[in-house]
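Student: Protein chains in written order, with my numbering: chain W, 1 to 167; chain E, 1 to 167; chain S, 1 to 381; chain R, 1 to 381.
Among the clues, some could well be false.
If you want a taste of the chain W side facing chain R, the calculated C-beta under 8 Å gives, among others [stated by the list, open to error]:
#, residue
1, Thr94
2, Pro135
3, Arg138
4, Met154
5, Val155
Rather than coming from a laboratory, the hints here were simulated on the basis of the structure. Note that the coordinates shown come from a computational prediction; the quantities given were computed from them, not determined experimentally. Cβ atoms here follow ideal geometry from the backbone N, Cα and C, with glycine treated the same way.
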Amino acid sequence: MDKFFENLTRAVAQRSSRRSFLSYLGKMMLGASMLPLLPIDRVAATARAENKKPNLDDDTTCDYWKYCAVDGFLCSCCGGGSHDCPPGATPSPTSWVGTCRHPADGRDYIVSYRDCCGKTSCGRCLCANTISEMPLYRPQLDSDLIWCFGAPTMVYHCSTAEIVSVK
Amino acid sequence: MDKFFENLTRAVAQRSSRRSFLSYLGKMMLGASMLPLLPIDRVAATARAENKKPNLDDDTTCDYWKYCAVDGFLCSCCGGGSHDCPPGATPSPTSWVGTCRHPADGRDYIVSYRDCCGKTSCGRCLCANTISEMPLYRPQLDSDLIWCFGAPTMVYHCSTAEIVSVK
Amino acid sequence: MNQAARYASTILLALILALPTLIAPARAQLPPDQMITKTLPEPAPNWVFVLDAGFPTTAVAKLDIIDGSTRTMLGQLSGGYLSNFDIAPDHREMYMIDTYYSRAWRGTRTDVVSIFDAKTLNFQAEVEIPPKRILIVPKRDTTAVTADGRFLLVANMTPATSVSVVDLKARKFVGEIDTPGCVQVLAPGNRQFSSMCADGGILTVTLDDNGAAKDKKQGKPYFDPNKDPVFDQPAVIGTKAYFVSYHGAIHVLDLSGAEAVAAPEWSVLGAGDSGWRPGGWQTIAANEKKGIIAVLMHKGGEWTHKQLGDEVWMFDAAKKSRLSRIKLKTPAYSIHLSQGDDPIIYALALKESQMEEYAASDGKYLGVVNQLGTPFLVSGP
Amino acid sequence: MNQAARYASTILLALILALPTLIAPARAQLPPDQMITKTLPEPAPNWVFVLDAGFPTTAVAKLDIIDGSTRTMLGQLSGGYLSNFDIAPDHREMYMIDTYYSRAWRGTRTDVVSIFDAKTLNFQAEVEIPPKRILIVPKRDTTAVTADGRFLLVANMTPATSVSVVDLKARKFVGEIDTPGCVQVLAPGNRQFSSMCADGGILTVTLDDNGAAKDKKQGKPYFDPNKDPVFDQPAVIGTKAYFVSYHGAIHVLDLSGAEAVAAPEWSVLGAGDSGWRPGGWQTIAANEKKGIIAVLMHKGGEWTHKQLGDEVWMFDAAKKSRLSRIKLKTPAYSIHLSQGDDPIIYALALKESQMEEYAASDGKYLGVVNQLGTPFLVSGP
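Build the full structure now, drawing on both the sequences and the hints.
Tutor: Rendered as C-alpha cells:
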C-alpha cells in the first residue's frame, strides 16, 4: 500500500506542475463516501463530544458550525465566503478534512478545509480550532501545513470549509 | 544650482551601483562644518525648545539624547549599538540629519541618522521622534525614506545615530 | 486494513472536490458546497482602499478593498516591498507599484507595475520599470495615473529624483523624466504631472502623446518650507490639490494649467483654537462636489506633525469657515472622504489596525472595520 | 544663497561620514562616532535561537540570536517564506532553509539553503534545492544537520514525502530520498536520519558518504497515533529523541542504530494530575547532561493539544519522577532547555511576542526578552 500512496501523491505532484490540474479534478471519479474513513471516523467521535455550541448564523466567527477543525484566516472575512475564495484567490484542489455535527439536523458532515491560495495571508479572523487535528506524520489531518498542493502557488491566503457529504 | 544638485545626486547614484562605493566615501573631502547649514540651523533652534529631558545612559530607549530625530528600529536593540550596525548589516553611506543638544555639556551636535541595511526590519524599539523632520520634498530631513542609498540593498534593518560634529 | 491503507484512503479523501453528482444524498440533508471564487461588481462611491504596509517587515504590502457602506471586506491585492496602489479612472484595472528582491531581502531588485483586473482581482501582467522608485513608508503621491488612464507615473529617488512613465495601454515602460529637486507626482490632467519642490514651488511637466517630457515649468514658491512646511500628501480632487501646513494653513493649488495657480491661503485655526495643529499621515481630505475639506487635528506643540489626530475638523472650502468638529472614538493617523453626495469620513487608527467611519454631515459614528494590519493609506475609487 | 543651494548643501551634509580627521574639534567636546558593524563571539551555552515566523504574512522569517544570560539581542538572520533554521555543529556556520517566490506571492518558487558566517552573520552562499520543502507553520525537524556537519537534510512534501540532501562541505544539492508515508528529519548521527511515519513507526535511512540512501528500515510502530499521538516535535539531544504524547506519555527513542530502539514508556501524569495535559507548539525539552525533561502543561480536555501552557513540569528522566512544577508568568507556546550545567528554561509567549526565562533548578523567574514578533521556535547551539 505504500506504493499506492506514493503513486497517488506523485501523480498529484506531476499534475500540479500544469495549470490544467484543476480541470483534471472534474474528471476524478473517487467515490469518497464508499471509502473507509478511518482514522477520521474515530477522530470525529471525539470531536463531537468536544464541539461546544456551534452557531448556524455567522460564518465570520470561529464557532460557526462548519469550522470545527478550521485553522487559519476565514475567507468569509476576506471577501470570500465559508466555501468561496475571495476574488483573485485560487481554491486549492487539496485539503485537510474534519467532521462537524450540524447543530440543527444532528447529522455529521464530512467537511473539506480548502485553502484559497495565490495571495499573501488575508490576516483577518484567525481561527485555530484543533478538534481532530493530528501531527505532521498524519498530514491529511494536519492543518498547520500550507494546503495549496496543486494550486498555482503555495502562498496561503485564507481557509474555507466545504461540506463534502453527510457521514 | 539645480544642475549642481542633479550632478551630485547622479554621482551618488552611479557610485551606488558599485560595491566599492563605501571605499570612495573615505576619500570625500567635504568640509561639512564650513557649509551653511540652513535650513537645519533654523530647524534645530526649534528642536532644542521641544526636546524634553533626554537621557544619557540608556541607548535602547527613544529618549536617549542622540535620538532626538530618530525614526525607526533602534540598532541598539538589534545586536548593534547607538552608532553600530548589528552583525551582518551594512551601514548606509547616506543618511538624514538632525541636531541634538547634549544635556550635560549643553552643546548642540550634528547627528547623522544612518540606517543599517541588507536585512529585513529588526522590529524592536521603534522610535518616531519627529523633531526637525520635514516632508518628502526636503528628503534630507525626511526620516520616512529608506535611507539605504548606496548600500548593497535598499532593505531597511535598523537605525543608528552618529555624532558628526559639534555645531 | 492496515495503517498504510487507512492513510492512503484519507489522503484520497483529502483530494476530493465537492462534486454533487458523484455524492448522491441518500436522505434529506445539506447538499455539498460548491466552491467558487468570487468576483467584484463595479466600484461604488463608498468603496474604500486601505493600504497595509505590513509593518514591521514591510516586505509584503496588502491592499484592502472595502465597501464602506456595509463595512465589509470585498477582497485584497498582494504587493511587495513598500508598494503603492492606484486604480484606473475607468475602474477596469487596479495597479500595485511594487519592489521585489529575488530573495526577499537580498539578490536582485526588480520594480514592476502589477496590473490586476478590477472585477476578478486576477493578476494580468507586469510592466518592469527602472529599480528606482521611492522606497518610503507608503505615501499616496509617489505614483499617479493620468486622468485619461493612459499613463502611470512613478516617482523615483536614488537619491536623484525623476519620474518613470508607463504606458498602460501598451503596457510598457516608455521613459524617465528628470525632476531635479522636486518629488512625487500629482496628475490631475491627461498629459501633465506636478511635483513638489524643495523651495515650496511646484514643477509642472507637460507630456507628449508618447509620454515624453514636452515642457517643464517650475512655479515660484507657493509656501515657505522653512517657516511653515505643507504636508506632502495633499487631497487631490479633480485638478485641485488641497494642502495643509504644519501650522494649519490651507493652500489650494489648481494644477490644470502649464503652471500651478494658487488660491489665497487661509488657516484652519480661528480664535480660541490656539494649540491645535494638523497632524498624522494623511492629514487632509476633500470632497469637491460638496465643497468640504476635512483636516485631522490634535493639540500639541512644534514638531508634533505626526501625532495622531483626536478630531476631524470640517470646513466649507468656499467660505473658508469651519462647519464642525468631530471627535474621533480612536485617534487616527490618516483620513479620507468619499466622493458621493453623502460623504463618509474614513479614519485609520493605525495602532488598533482599524478604520472607523463617520458621517461627514453630522459627525455620526457609523462603525468600524477591524483587523487591517498596519493601515497607512486610505483612498477611494 | 537661494533655496536650491541650501538644498544642495544639506544633501551634501546628508552624505557625510563621520571622519574625525576632517572635523577637528575646536574645543573639548564629544568626538565624532565611528560607525562599525559588530561581530559575534563563539556561541555560549546559554545562547538561544528564536524563530519569528513573521505572522500574519509569513513571507519573511527572522531568526533572533539572543544571549540568554544577559537577555540581550545579539543579531538576526533574515529568511523567506516559512523558513527554518539550523546551526553547524562546530558553530562556524548558520543556515536558513528558505522558500522564495520571484515576486513574493507569485512567480517562480525557489528553495535554497542560505549559508551565513556565524561570526559576522554575513550571507556566504546559497545552495538551491528542489522547490518541495514542507511549507508549514515552522517546525524544528523539517530540517536537520548531521552530527558531523557534513549533510543538511530538508524534509519535502508535495504531498509526496521525501528528503533533500545537501552536502554542506561541497555546498551542493546531492540528491533526494523518498520517504513514503514518513515525514521530518531527526539526524542524531553522521550518516543516517530518522523520519516519523503515519503508523507510529520510525523510518531510519542510512546514508553513504555521498549522501545517497544506502539502507532504509521502517521500525514497528512505537506508539498508536489513533489512541494517543505523540507531538511531532520531540526534544532531540544527542542520539535520543524525547517524545511526549497528547495524553502525557513519554517515549524516549534511541536513534543511533539502524533501527530506532524505544525505552519503556511512562507518563508525566501522576495521581492527582487528572485534567492536565501537554500542549502548545514545542511541548517538550530535555537536558541530557542533567538528565532532566521539561514538559509544557495546561488543564484542558481532548483536542486541547495546542492550548498555551501555564506550567512547566520538570522530570528526572532516569527516575521518571516529577521534580517540580513551575508556574509561568505568561502562558507559553514553546519551550527549550539550555544544555549547560545550570539549565535555563526558555518559554515563548507567542501572543505577547516575548521569551521568558526561568531557572530549571528552582523555577526562579530570571527575566524576559520582548518584541520578538511571532516567535514559534526556540533552540540552542
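Student: Next step is simple, just say for each hint if it's right about the structure.
Tutor: For each hint, the structure was consulted:
no.: 1; hint: Thr94; result: holds, 7 Å
no.: 2; hint: Pro135; result: holds, 4 Å
no.: 3; hint: Arg138; result: holds, 6 Å
no.: 4; hint: Met154; result: holds, 5 Å
no.: 5; hint: Val155; result: holds, 5 Å
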